[in-house]
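There are 2 protein chains.
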Amino acid sequence: MVPFLHTWHKVCYIKNMLQSKLFSKVRKEAPSEEVSKNAKLLIKAGFIYKEMAGVYAYLPLGLRVLEKIKNIVREEMEKIGGQEIIMTALQRKDLWEKTDRWDDKNVDVWFKSKLQSGADIGFAWSHEEPITEMMKGCVASFRDLPALVFQFQIKFRNELRAKSGIMRGREFLMKDMYSYAANKEMHDKIYERAIQAYWNVFKRVGIKNDTFMTFASGGAFTQFSHEFQTITDGGEDFIYINREKNIAVNAEILNDKTLKELGVKQEELEKVETSEVGNIFSFGTGKCEQLGLFYKNSEGESAPVWLGSYGIGITRLMGVLVEKFSDDRGIIWPKSVAPFQVHLLCLDVGDKKIKSSADKIYNLLLKEGIEVLFDDRQAKTAGEKFADADLIGAPIRLVVSKKTEDAKSVEMKIRSEAKAKLVPSKSLINTLKKYAKI
Amino acid sequence: MVPFLHTWHKVCYIKNMLQSKLFSKVRKEAPSEEVSKNAKLLIKAGFIYKEMAGVYAYLPLGLRVLEKIKNIVREEMEKIGGQEIIMTALQRKDLWEKTDRWDDKNVDVWFKSKLQSGADIGFAWSHEEPITEMMKGCVASFRDLPALVFQFQIKFRNELRAKSGIMRGREFLMKDMYSYAANKEMHDKIYERAIQAYWNVFKRVGIKNDTFMTFASGGAFTQFSHEFQTITDGGEDFIYINREKNIAVNAEILNDKTLKELGVKQEELEKVETSEVGNIFSFGTGKCEQLGLFYKNSEGESAPVWLGSYGIGITRLMGVLVEKFSDDRGIIWPKSVAPFQVHLLCLDVGDKKIKSSADKIYNLLLKEGIEVLFDDRQAKTAGEKFADADLIGAPIRLVVSKKTEDAKSVEMKIRSEAKAKLVPSKSLINTLKKYAKI
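Protein sequences appear in the order of chains A and B. 34 is the number of the first residue of the first sequence in the working numbering; add one for each residue after it. 34 is the number of the first residue of the second sequence in the working numbering; add one for each residue after it.
In isolation and in its complexed conformation, chain A is listed as follows (with noise of 0.2 angstroms):
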């Protein structure tokens, strides 16, 4: 039978549950060129592989944290009424001739090729152009608009250097939104609520209160943006922010005008280190006035459509949270984007008691629904369990022995806690639940 209700997508992940069975494994060392702490962490858990510089694979472990970042973002868009699409790397000259964004005088980013025909090719490095040719065939009078389009789509950047492991990739996954709004106060309203659904998305996975809206140089895109700049160490930027003011300002356009119209003084300012989480631009309608998007409005006159254009890097902000929440020991998740939520030890796995008893928790966990990596492997120690444990960071650790079965109890850790406690094995269900609510 053919189910009637398709959810768009579903867990079905029990199997790499399992951790015997997982196939990518946790290494004592990180290849030795690796300077940045996100990658070399997430080398070694085992969330991914580096192909190249500033070019990684996802294994199982960071394709979950990646899923639920992205469904995070994904719900944040869609709250303000963005609808979903996939475009194409694959792009063409002549589109992007049109806004002077092909020569790479003016893009030194691109990586580009040839089809067979000689015709040149570059893979996107952003996707403002064609997204705006294609709204063309989508938006003729204002009762189309607003429209509210968003990816999550791989991006090429040919960067000269990529030290920063998955904050800066040569290739890395973006969600980027486009709005086109009939006029500015349509557009500034937008705008507006995509600053809110931002604040949404960084505080769920809870770097909000580190996070800082700065106005920035526009780079390639525009004159001037709008940075979302998260205080961490292995950062690229520098900001300068006064947080009883709640004033942030790139390093940039730090000058004594600015300052002026901040009504703050230079000493006032406190200089971090930060990396950016999100970026906004305000294209006006300068971008499809050269691309030829116009609307006609509701007296039949023909007018230009107005674009923003909004980004996040998926797995910058990954490893932006790496470096926030972490130790000397390994990552330390937040619950929402954790790749489980409990990493379940057992022990003594030669003794059928008690990996019965194991077995029987791991049963319940997920009969419960809830998410759990279980360490059944046989040729490993406690000592090396409980390292992976610390390095892997999920948030919860259990772990069932000759011990905790003698105390008829589960042995339960914060992973940012420092110590671990005895739960009787007949409330740990209401437990977990409990600590999940906090």
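Hint data in this document are derived by calculation from the structure and do not stem from the laboratory. The model shown is predicted, which means the values in this text are computed figures rather than measured ones. Some hints here could point you the wrong way.
Same chains, same names: a pair is fine if it fits in one copy or spans any two.
Quick list of in silico lysine to aspartate or glutamate cross-link-like pairs, EDC-like style, CA-CA up to 16 angstroms [claimed, not checked]:
| # | residue 1 | residue 2 |
| --- | --- | --- |
| 1 | LYS441 | ASP392 |
| 2 | LYS54 | ASP177 |
| 3 | LYS126 | ASP423 |
| 4 | LYS58 | ASP177 |
| 5 | LYS61 | ASP289 |
| 6 | LYS73 | GLU62 |
| 7 | LYS77 | ASP423 |
| 8 | LYS58 | GLU269 |
| 9 | LYS147 | GLU192 |
With chain A held as given, fit chain B onto it using these hints.
Okay, now just chain B, sitting in the frame of chain A:
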């Protein structure tokens, strides 16, 4: 509160379900240069957008179909132990040189470019080499085997011609799985299970009865391979079949020797036009020996790993479904992959009472978890709405109008059937559920 259980993805496309809000539009015409039926229909119905020949973007309706096909394939791959990852498009030259698949003389579909350092890089047209290289860090002993790894990844192939719509793309989505086994017996067992998983996929998307597994040349992959060929107009291949004897042979290997081996005469074979929907390759131990993937067997001796490779072109499969399941009015989606199960049409939107009844039906369907696209557009005539519904091809069309309202009914029509019938509003849900179970 952060939810404790994280499903992999959540369904949240309600906004898209109002056709008045859907930014992508049904079109009168496909681009004049488009010759394939699948691309013509999908462009007209607003599922895809043509970026250039062989390069298509997927709009909200098209993305839904893709995700449903992916989900079916994902479930079947996981059932046989596949673990999902995502590799990279960017490829290192040195890796592919080891197996003689870098040179354009051997593989003529590469897109190549250069890093800013001047180093050559390629865009992946397949992934045996990088995945096998990666597995060198995952497979050490016989205890690590078998390992099955799969991904949904964009492939780039610089095809000379691309005239078959989404059935042959220069950029297309593929599910590729790779199996690593300790010996021939283990390898053959996985290969057989993969064949069964493929049959399950083809059954669930509705093409099993018209699909044949053939023995074929291995092309750039191996000397021989198995292909899954589906009878369809617009196919790029021909095969020879005998349905009674369940024999299928590719044209390229049809000769006296093959006929004798199969025990069939030329005149007993029927020539049919087909499209390849899946292929599987056995590399034996050759590829792993070239790349240096060895494991320690139970005697502690080093032995090479057996490699199998299993592809399903997800976008191609979507194209084949459109070729097969369509008529002169539009697409007729199989229930398992339809973007929506129900297309609800409100014909007299201007009449508040009628619109209110349609809204009620819409909300009732949503409450029951039935996916529905609601045509609530004001400016369209009944004729236009019927034509669009036929073009888009949801399995069930429901109509609410003055006429149906007077009869306290809803008009229901199965897309693949000729006649509509009135269903009393009260029994609508039961009728729909009954239909879904057939």
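How the hints compare with the structure:
In this homomeric assembly, LYS441 and ASP392 come within 16 angstroms of each other (Cα to Cα) only inside a single copy, at 15 angstroms, whereas the closest approach across copies is 55 angstroms. For the identical chains of this complex, LYS54 and ASP177 are inter-copy neighbours only, at 8 angstroms across copies versus 51 angstroms inside a copy, given an alpha-carbon limit of 16 angstroms. With identical chains, the CA atoms of LYS126 and ASP423 are never at most 16 angstroms apart, being 49 angstroms at best within one copy and 37 angstroms at best between copies. Taking identical chains as interchangeable, the C-alpha atoms of LYS58 and ASP177 lie at most 16 angstroms apart only when they sit on different chains, with a minimum of 10 angstroms there against 51 angstroms within one chain.
For a Cα distance limit of 16 angstroms, the shortest separation of LYS61 from ASP289 qualifies neither inside one copy, at 50 angstroms, nor across copies, at 58 angstroms. When the C-alpha separation of LYS73 and GLU62 is checked against a cutoff of 16 angstroms, the pair qualifies only within one copy, where the shortest distance is 8 angstroms, while the shortest distance between copies is 53 angstroms. Taking CA atoms no more than 16 angstroms apart as the test, LYS77 paired with ASP423 passes inside one copy only; the shortest distance there is 12 angstroms, against 53 angstroms between copies. In this assembly of identical chains, LYS58 and GLU269 lie within 16 angstroms of each other by CA distance neither inside one copy nor across copies; the values are 30 angstroms within and 42 angstroms between.
With identical chains, the CA atoms of LYS147 and GLU192 are at most 16 angstroms apart between copies only, with a shortest distance of 11 angstroms across copies and 20 angstroms within one.
Hint compliance for this structure: hints 3, 5 and 8 are broken, all remaining hints hold.
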